[in-house]
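Below are the chains, spelled out letter by letter.
2 protein chains.
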Amino acid sequence: MDYIKSPMGIEKRSFEIIGEEMGECNFPERELSIVKRVIHTTGDFQYKDILYIREGAVDSALELLKKGVTIYTDTNMAAAGINKKALAKLNCKVECFVSRSEIADIAKEKEITRSMAAVEKAVEEGVEFFVFGNAPTALYKLKELTLAGKAKPKFIVGAPVGFVGAADSKEEIEKLDVPMITIRGRKGGSNIAAAIVNALMYMITR
Amino acid sequence: MDYIKSPMGIEKRSFEIIGEEMGECNFPERELSIVKRVIHTTGDFQYKDILYIREGAVDSALELLKKGVTIYTDTNMAAAGINKKALAKLNCKVECFVSRSEIADIAKEKEITRSMAAVEKAVEEGVEFFVFGNAPTALYKLKELTLAGKAKPKFIVGAPVGFVGAADSKEEIEKLDVPMITIRGRKGGSNIAAAIVNALMYMITR
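From first to last, the protein sequence lines are chains A and B.
Numbered by this note's numbering, the letters in the first sequence go through residues 2 to 207 in order.
Numbered by this note's numbering, the letters in the second sequence go through residues 2 to 207 in order.
Among the hints, a few may not be true.
Repeated chains share a single entry, so a pair holds when one copy, or any two copies, can fit it.
Claimed, not checked - Result set (BS3-like, lysine-lysine): computed pairs, CA atoms no more than 25 Å apart in a straight line: (1) LYS85 - LYS109; (2) LYS86 - LYS109; (3) LYS122 - LYS85; (4) LYS67 - LYS122; (5) LYS86 - LYS111; (6) LYS122 - LYS13; (7) LYS111 - LYS13.
To be clear, the hints were calculated from the coordinates, so they are not data collected in a lab.
Bound conformation, chain A alone (with noise of 0.2 Å):
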């Protein structure tokens, strides 16, 4: 059987495919890259459309990336699909707080999700770089935190994907002046939400 089996090879093909089909669009460079990335991820275009990408907002990731951080994330699947290679050349580490074992007890006793307990912990411990690909819940508590003066991130990834509340969630964090990357109304998902962070690390290290 012939087929294409250098995995290099056919992601280079499928950006060029998604560079000749999807049209007119005025994202500069390296925001390009993100938005390619994501449909590269999807097979969607509809994300050329609904992909937010703040001004000053790349530089920002990249700032923190360079410093090597912790990265939370929301979910396991998000935090899986962040390429391992990257963030060791960066230094950097995911975390997926809401696996700890921990944080079921603290969301218990506090009668909160253990999506919301798992952003407090972050915030204590003092993470600036969030990632959400799923939980709306999160993202308000982050929101709360941060006009509290309690946390303060740096960059914020918003994709929760969903029918109840994700839609609200991300233009909710968007009132917040920091920079990030959402993905505005229904769509959204941990694999987009890794997508958006591995693509800003290879900026640096591809």
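Dock chain B against the given chain A, drawing on the hints supplied.
Same frame as chain A, but now just chain B:
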């Protein structure tokens, strides 16, 4: 701030909204629950038109799940997205073979992709339940081994996403006379592959 904090409450309402908005749909009840879960995972209604569920595939999958099998996945993301509580209830486990340390060496020695080497290893170990969310080459390899009488897959989720090889790989795997669920065309992904497996498990565990 006022927002729904119960994950199950959010999911229930989400499925209601999906049902209301998805329009005419001829899937039987169990198949419909798979379609809805994929839409829930992506926010993308197009999946109702590109999800292919072969007749008898649900029964075959449930039979395997009930006997407690190892589920092969081609990515850590798909493995991460498969519900661990449901897996445990069913006495099933999930393994991303490509992450095993020996696979890179085997791939190098045989000059094949790691994805292909991972399929070979899974087949050697008698895996019957295959889940693909990313690697077209892995699907080709499984087809090859099946036609050669070496592999005996009893259920396949074929959901690679992408612009080079993905759609073809799914067309090719459909030529096998094996119970399967695929996503036709370019769309798909590890999140979708995991959602399909979760929908199947929930038919038994919930």
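Legend entry - Index of numbered hints that the structure contradicts, given in increasing order: 6
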